[in-house]
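Now for the letters of each chain:
There are 2 protein chains.
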Amino acid sequence: MKETLEWLAEEVAGEVERGCAFRERAAEVGMGADGTPTCRIDQVAEEAVLRMMDERKVPLNVLSEEAGFIDRGFERTLVMDPVDGTYNALMGIPFYSVSLAVCTESMNDASHGLVRNLVTGDLFYAERGRGATWNGRSIRVRPFDQQNSVLMIYLGKYASPSCNGVVRRARRTRSLGCSSLEMCVVAAGLADGYYMNSDVYERSLRVVDIAASALILREAGGELFDPQGEVLDLALDLRSRSNCLAVGDTATLRWVQ
Amino acid sequence: MKETLEWLAEEVAGEVERGCAFRERAAEVGMGADGTPTCRIDQVAEEAVLRMMDERKVPLNVLSEEAGFIDRGFERTLVMDPVDGTYNALMGIPFYSVSLAVCTESMNDASHGLVRNLVTGDLFYAERGRGATWNGRSIRVRPFDQQNSVLMIYLGKYASPSCNGVVRRARRTRSLGCSSLEMCVVAAGLADGYYMNSDVYERSLRVVDIAASALILREAGGELFDPQGEVLDLALDLRSRSNCLAVGDTATLRWVQ
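Line order of the protein sequences matches chains A and B. Residues 1 to 257, numbered by our numbering, are exactly what the first sequence covers, in order. Residues 1001 to 1257, numbered by our numbering, are exactly what the second sequence covers, in order.
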């Protein structure tokens, strides 16, 4: 399964580079009435995965951002966001990814998770019970140290006012616009938490956004919580959404709340 | 001069990759009592530039983050930050740069400015009166559109509380931790402003941080202002610091303030 996810991610990276070239990407930005960017990149990436799954007869159903659920007659499902951080791609910020997880009933039974930075090729990978890696090297979360704390935070118009208080609490703050990669930085022990809190339900996270990075974070020793402090799970559909605090050390949870 | 700046930047990129390898970088993170990371990357990058300037007899003085002002007996000075966004480099976030400008008396007489992303190689360049480019293609700021506004903001423990109000005003917000590249995204017409406001003087911007990106932004049609709304200039020393609002369209200035 690892090889399958790796070449699917490789295919997406290649298609995005060939089919939606960096230099042309900015020129392709258009905005719908709801402020959603209309770029070919998401579509190009998703079509690449679906085509390769058919060609190579990958024995998985699909749950994806654009296509929704595709029942291909199998037990397990590839839960994917073909491009997480689309707007970064449109801005030329090299921090967007393809996110692929293999699940059966819900996010938390994920057996495999892969997140690949589509610009740099950085590869985060985990298998249940076998730990997490970054470019093949084992990664581990770090203990919380308030003096040197780093938080990744979702910000902007749809962020909850509660984010204001959190923003200035950490020694360093980043808002990088790609939840899967931001959670991988936490998994790698290079930041303490990823905080996503929106008062607008349609802006909060779906299983396609975080299924892969959730497994990677957990296999690296971290955990994801919902705003009530319960361990976060999400059903395998696009309607279920949640806000989230993903942490390396649970001491971060108490400190942020 | 363009070629000189280009190969200096190329040299820094090579030295950072060879002398401070990505995979080893995280392991090298150590923190001083003041929370300053102690990594070789800044030193390696600066030494590369100084060595090359001697070897190739580049006719410029130097003002740099670590070395300070080096009077080499010339009229003009290379104003450089060898690595802007050091902490991103330590976190594996591919958004840090070398920033090189040629100035005589102050930031605003800069004749040449170059900012290179040290991971992706993306190159932003400007010459006074000749416009700005991104990877050789002409760039231009965009008109402000509140509905689709994007702001880059400096955040964290040392950010002014006034940032809280700004954070949620834009449709999208990023805090990317590399002022020079964040200003280049504004110059490229892909974001509306970069807002840096710290109540701690020692955290605000110096000429080495922004001399190159200021020229690039201005040549692309934008402008930099201090917190009083005056056009920002900085003397060629490391003691002068300022907060800053860099915008593509001056309508952004009125909207943020």
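Derived by calculation from the structure, the hints in this document are not laboratory data. A few of these clues could be false.
[Unchecked claim] Facing chain A, according to a computed beta carbon distance under 8 Å, are these residues of chain B, among others:
hint: 1; residue: 1007
hint: 2; residue: 1092
hint: 3; residue: 1094
hint: 4; residue: 1121
hint: 5; residue: 1123
hint: 6; residue: 1140
hint: 7; residue: 1159
hint: 8; residue: 1162
hint: 9; residue: 1172
hint: 10; residue: 1191
[To be verified] 25 Å max Cα-Cα, derived SDA-like pairs, lysine to any residue:
hint: 11; chain 1: B; residue 1: 1157; chain 2: A; residue 2: 249
hint: 12; chain 1: A; residue 1: 157; chain 2: B; residue 2: 1142
hint: 13; chain 1: B; residue 1: 1157; chain 2: A; residue 2: 142
hint: 14; chain 1: A; residue 1: 157; chain 2: B; residue 2: 1056
hint: 15; chain 1: B; residue 1: 1157; chain 2: A; residue 2: 160
hint: 16; chain 1: A; residue 1: 57; chain 2: A; residue 2: 120
hint: 17; chain 1: A; residue 1: 157; chain 2: A; residue 2: 86
hint: 18; chain 1: A; residue 1: 57; chain 2: A; residue 2: 111
hint: 19; chain 1: B; residue 1: 1157; chain 2: A; residue 2: 165
hint: 20; chain 1: A; residue 1: 2; chain 2: A; residue 2: 54
Ideal Cβ positions, reconstructed from N, Cα and C, are used throughout, including at glycine.
Next item on the list: Provide an ascending list of the numbers of those earlier hints which the structure does not satisfy.
Entry: Violated hints: 1, 4, 5, 6, 8, 14 and 16; rest satisfied.
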